[in-house]
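In this text, residue positions in the sequence shown follow our numbering: the first is 47, and each later residue adds one.
Quick list of the computed label-pair ranges, beta carbon to beta carbon:
no., residue 1, residue 2, range
1, Asp263, Ala182, 20 to 26 Å
2, Thr133, Asp263, 36 to 42 Å
3, Tyr110, Lys209, 55 to 61 Å
4, Phe245, Ile126, 31 to 37 Å
5, Asp216, Leu244, 18 to 24 Å
6, Ile111, Pro223, 42 to 48 Å
7, Asn204, Asp258, 19 to 25 Å
8, Ile127, Asp258, 35 to 41 Å
9, Ala182, Asp260, 16 to 22 Å
10, Arg235, Arg207, 20 to 26 Å
11, Leu122, Arg207, 37 to 43 Å
12, Asn171, Ala251, 20 to 26 Å
13, Pro246, Glu202, 29 to 35 Å
14, His225, Ile113, 46 to 52 Å
In silico DSS-like links for lysine-lysine, alpha-carbon gap of 27 Å or less:
no., residue 1, residue 2
15, Lys212, Lys174
16, Lys253, Lys174
17, Lys253, Lys264
18, Lys264, Lys212
19, Lys212, Lys198
20, Lys198, Lys178
21, Lys178, Lys253
22, Lys209, Lys198
23, Lys209, Lys264
24, Lys264, Lys178
25, Lys174, Lys209
If you're looking for bench data, these hints aren't it; they were derived computationally from the structure.
All values reported here derive from a predicted model rather than from experimental measurement.
C-beta: ideal position from N, C-alpha, C; glycine also.
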Amino acid sequence: MDTLTVEQRNIPPAVVKKMKEDGDFWYVNADLKGSQKDAEAERRNGKKGQKGKEPAINEKDDTYIPIGQRSWFQALLWIIIVGGFATFLIIYLAGSNVGLFRKKNRLTANGEEEQLITEDIFAINYQKEIDKAAAAGNYRMAIRLMFLRVLKNMSEKNIIRYKQDKTNLDYLLEVGPTHYYNNFFRVTRNYEYSWYGLFPVSEDAYKLIRSDFDRFDKELR
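Starting from the given sequences, assemble the full structure and let the hints guide the process.
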């Protein structure tokens with residue numbers, strides 16, 4: 047029995063190279079180059095596919111808006127800010143020296159309380175008392191008397207309803223709808239600054255303030 051022996055023979059690289067360069071073996075190079083071209087084309091197509099691929103768009107747009115950027119929250123925030131400022135302003139004015147919200151006796155520099163003529167504003171001889179206070183250089187008292195006279199005249203003409211416990215703000219609200227408001231506001235402001243504010247009043251300042259009162263007194267006649 048014959049035994050077939052298979053012997054593997056290795057072809058030297060120089061021979062393989064010569065065979066590839068030989069024109070009779072063109073099909074070997076064609077297959078190799080074709081495989082390389084196919085692989086290169088497939089690799090390029092894969093890159094193009096990845097580059098041109100757009101991310102999926104969620105058709106349902108559920109964009110979350112932070113609460114601080116929502117219109118209703120911003121409106122509520124402004125209401126709170128404005129309301130808080132108004133409350134602070136009212137509390138501040140109520141506790142300050144301005145007498146729009148309350149009446150309070152003030153002390154002079156000598157520590158003696160000035161006489162408050164509020165018991166009966168309809169029984170005062172105003173011109174006499176005003177002249178006496180001005181002659182003594184007590185211009186603050188003279189301005190107070192002129193203001194009380196204005197309240198008396200307005201009450202007698204039914205422009206306001208005078209009550210001893212009312213504040214000047216109450217009277218301003220009563221006069222608001224009338225044509226007397228602007229001049230009444232001016233004399234009230236002068237009185238508030240000089241009397242409750244304890245601002246020193248010079249003779250020249252007193253003359254200017256007195257002219258405002260005289261003008262308003264003529265309007266009330």
